[in-house]
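Trainee: Which chain is which? The protein sequence lines are R and Z, in order.
Going by the working numbering, the first residue of the first sequence is number 51, and it counts up by one from there.
Going by the working numbering, the first residue of the second sequence is number 685, and it counts up by one from there.
To be clear, the hints were calculated from the coordinates, so they are not data collected in a lab.
The beta carbon of each residue, even a glycine, is placed where N, CA and C say it ideally should be.
Errors might be hidden in some of the hints.
To be verified - One side only, chain Z facing chain R, incomplete, derived with CB under 8 Å:
hint	residue
1	749
2	750
3	751
4	764
5	767
6	866
As the list claims (entries may be wrong) - Dumping the calculated DSS-like pairs for lysine-lysine here, alpha-carbon to alpha-carbon at most 30 Å:
hint	chain 1	residue 1	chain 2	residue 2
7	Z	1025	Z	1063
8	Z	1025	Z	837
9	Z	1063	Z	945
10	Z	737	Z	801
11	Z	1063	Z	801
12	Z	743	R	172
13	Z	820	Z	743
14	Z	743	Z	801
15	R	172	Z	997
16	R	104	Z	1025
17	Z	801	Z	837
18	R	104	Z	945
Stated by the list, open to error - Each pair of labels, with its calculated beta carbon distance range:
hint	chain 1	residue 1	chain 2	residue 2	range
19	R	74	Z	852	41 to 49 Å
20	Z	859	R	302	53 to 61 Å
21	Z	1076	R	116	52 to 60 Å
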Amino acid sequence: MSRFDRYLWNGGAGLLALLWVLPLLFAVWTAFHPSAYEANFTLSAPITLENFVKAWNAAPFARYFLNTFLLVTGITGAQFVLCSLAAYGFARFRFPGRGILFSLVLLQLLVMPDILIVENYKIIRAFDAVDTLQGIALPYIASGFGVFLIRQTFMTVPRELDDAARIEGAGPLSILWRVYVPLAKPTYLAYGLVSVSYHWNNFLWPLIVTNSTETRPVTVGLSVFATTDSGVEWSVINAATLMTSAPLLIAFLLFQRQFVQSFMRAGIK
Amino acid sequence: MFDKLFKGTAAAVTLGLLTAIPAHAVDLQFYFPVAVGGGAANTIETLTQDYMKDHPDVKIDPIYAGSYQDTITKVITASRGGNAPQIAVALSTDMFTLLDDGLILPFDNYVKTDADKAWLEGFYPAFMENSQVDGKTWGIPFQRSTPVLYWNKEAFKEAGLDPNTPPASWDEMVAMGKKLTKTDANGNVTQWGVRIPSSGFPYWLFQGLVIENGGKLANAEGTETYFDSPEVVSALQYLVDLSTKDKVMEPGILDWGTTPKDFFERRSAMVWTTTGNLTNMHDNAPFDFGVAMLPQNKQRGAPTGGGNFYLLKGSSDAQLAAAVDFIKWITAPAQSAVWTKATGYVAPRPATWETSAMQDYAKGFPQVLVARDQLQYAKAELSTHENQRVTQILNDALEAAITGQKTPQEALTQAQAKADQVLAAYR
Chain R
51 MSRFDRYLWN GGAGLLALLW VLPLLFAVWT AFHPSAYEAN FTLSAPITLE
101 NFVKAWNAAP FARYFLNTFL LVTGITGAQF VLCSLAAYGF ARFRFPGRGI
151 LFSLVLLQLL VMPDILIVEN YKIIRAFDAV DTLQGIALPY IASGFGVFLI
201 RQTFMTVPRE LDDAARIEGA GPLSILWRVY VPLAKPTYLA YGLVSVSYHW
251 NNFLWPLIVT NSTETRPVTV GLSVFATTDS GVEWSVINAA TLMTSAPLLI
301 AFLLFQRQFV QSFMRAGIK
Chain Z
685 MFDKLFKGTA AAVTLGLLTA IPAHAVDLQF YFPVAVGGGA ANTIETLTQD
735 YMKDHPDVKI DPIYAGSYQD TITKVITASR GGNAPQIAVA LSTDMFTLLD
785 DGLILPFDNY VKTDADKAWL EGFYPAFMEN SQVDGKTWGI PFQRSTPVLY
835 WNKEAFKEAG LDPNTPPASW DEMVAMGKKL TKTDANGNVT QWGVRIPSSG
885 FPYWLFQGLV IENGGKLANA EGTETYFDSP EVVSALQYLV DLSTKDKVME
935 PGILDWGTTP KDFFERRSAM VWTTTGNLTN MHDNAPFDFG VAMLPQNKQR
985 GAPTGGGNFY LLKGSSDAQL AAAVDFIKWI TAPAQSAVWT KATGYVAPRP
1035 ATWETSAMQD YAKGFPQVLV ARDQLQYAKA ELSTHENQRV TQILNDALEA
1085 AITGQKTPQE ALTQAQAKAD QVLAAYR
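My request is simple: use the sequences and hints to build the entire structure.
Mentor: If you want it as C-alpha cells, here you go:
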C-alpha cells in the first residue's frame, strides 16, 4: 500500500468516525449545559448537572437499571445454555429430521419479532408470566441466531479433539463443556455483546408485557421524555440518553480490544 | 428460632387476611400515554390515589403505556391476548380502529340516571364529534388539545406591527409574515414570518387550513375522504406558497418537536402548534408572547386532537361500572381543573372553566382562554376506518407537495385514489 493510499484510508476512516461521533458529542454538549445552549455553541457556556438530576427524577431509574441488568444477564445466560446445547446437537449428532429442524431454526431469523407480539403475549399469559422479568425474557432465549452462530463455530472444531476426549472417557456433555465451549469463546463474547446491547435497548415488547415499576427496564423510563405534544427538551432527553447508555458505552470502552478481536474471529461485523 | 419464625408468619398471615377482607372488591387496570412534559404521569397517579382514598373498595392500577402509538399497540395486544385493561386513554382518532377490531364498549349502557346524562352532555360538542358514532358514545374526552397561533410581541414591535394584533386572516398572515421575515447582509434569513410544522403528522395542522378554507377531509362516518376537493387542494396550495411564493416560511419539512425552541430563539415570529405547548411557552419564552386563534379564510376553524377514555371489553360488569364511575370522577370539574393546569390540555367541559381554580388560573394566564374560545369553530380531527393507513396516505401526499416533488393537485388526487381503495370495504 502506497503512502498516499494510507493517508486516504486514514482520512476516510477519520471522517467516518467523526460523522459517527457527532450525535454523541451533541448529546454530551446539551446534557451538560442549560437548555438555552442547545443550539448555541459558546465555549464559555456554564456547565451544569441539573439536566441529569431532572432526568433521574422523572422516572424510578434506580429500579429500572436493576431490572435491565437482571434482564440482560438472565437472557444472555439462558441463551448461552440453550443455544450451546442446540448448536452442539446440530453440529455433532446425526438424527432423523436434523436438516428440517435446523432449517426451522434458521427460519426464525427471517421472522420479525414484532409480528409475533400478540401470539407471544398469549403464551406468556398462559404461563401467567405477564408483568414479570421472565415474561420479557422468554420469547428471546431460544435464539435462532445464537444456535446458528454457535453451530457454525462448533463445526470448525477438529473432530480429532472430540475423538481424543472420547478416548479419555469423556461423555457428550463433558466434551461440550471441556472442548467446544472453550474453543468458541470469541463467538460467545461477540454473540453476548450483540445480545446484551439488543436487550438493553429493546423497548416495545417490555413495554407491552409489563405493567409495574418492579419489572420495567430503563428504555421505558427513557420514553417518558418523548413528549411530542409539548415540544422536546433536548437537554433533559440527552442527559437521560447518556445516563441509560453509559453502562454499555463504558463496558465497551473497557473491553474494546477483546470485543474487536472476537468479532474478527467470530466473523460478525 | 423456628417457633419464632412460625409465630411471625402466622401473625403476618392473619394480619394480611384481616386487611384484605374489606378492601379491593374491584381491581381495575388503566393504561395511559404521556405526550407532554412536566410530570403528567405523576399527576395521573396522584389523581388515582385520591380516588382510591375516597373509594376503598376499588383498586386502580394506572399503567404508563408509552406514546400514543405505543399505548394503542399495548391495548390491542393485551385485548387480543385476553388480558384487556378496563380503562385506556388513546387517541380520539383511534375510535374506528378499536371499533373495527371489536375491542371497546359504548358508554351508553352505564349512563342511566339523569345526572349521568347531564354529565355526558356536559362536554364541548367539538370534542364529542370524535367520540360518538351511530348514536353511541365510545370515547370520553380527557386530554384534548387544539392548535393555536403563538406570536412574538417583541418581533411584531420591531417590524412596526401592532404587538397586540395577531393576523386574523390568511392574507394578513402573509402580509405580516413578509414584514416579519428578516434577512442578514448575506441574504440568509435570520427570522421567518411564520412556521407551520410538517414533520410526523402534517395532516393535523393542515386540517386547520382545510376547515378555514370551508372544506373537510372526511365524513363523520369515517368512510369517505375528500382529499381532492377544491377546498383541500387550494388549502395545500396556500401552505406550499408560504414557502415558495410568499417566502415567509422556511422551505422543506419543518420539525414538530423543535418548533417551541425555534420560537424561543426568534427564528420564527409566529408559530402554529398545539395548546399542549402553553405551559412550556409560558415558562420558557424569553419574550412577551400572544396566543391567537388560527387565522380564517372563509371561516374560522381548527381541528381537535388528543386522547379519549375508552372502555375495553372483556371484564365483569362490576369492573366496568366501577371504571365508568372513575372516568366520571376524573372528568368532573375539580379533577379536570387539576389536570388542565398540570398539562396545558384544554379542559373538555364548560363546567371546569367555571371552577374558581380555573378562573384564578385564567386570570394570571389569559392566553389559556383562546383555545377554549376557538372550540366553537373546531371540528373533529381526521379519523376514518383504517385510520393509520388513511392518514399515512394523506401525510405522504402533503410531504410530497411541501418538498416540491408533486403539485398539490397531483399529490392529493393520487392520495384520494389510494384512500378510496382502502375505504371501499367499509362503504
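Trainee: Hint numbers the structure violates, sorted upward?
Mentor: Violated hints: 6, 17, 21; rest satisfied.
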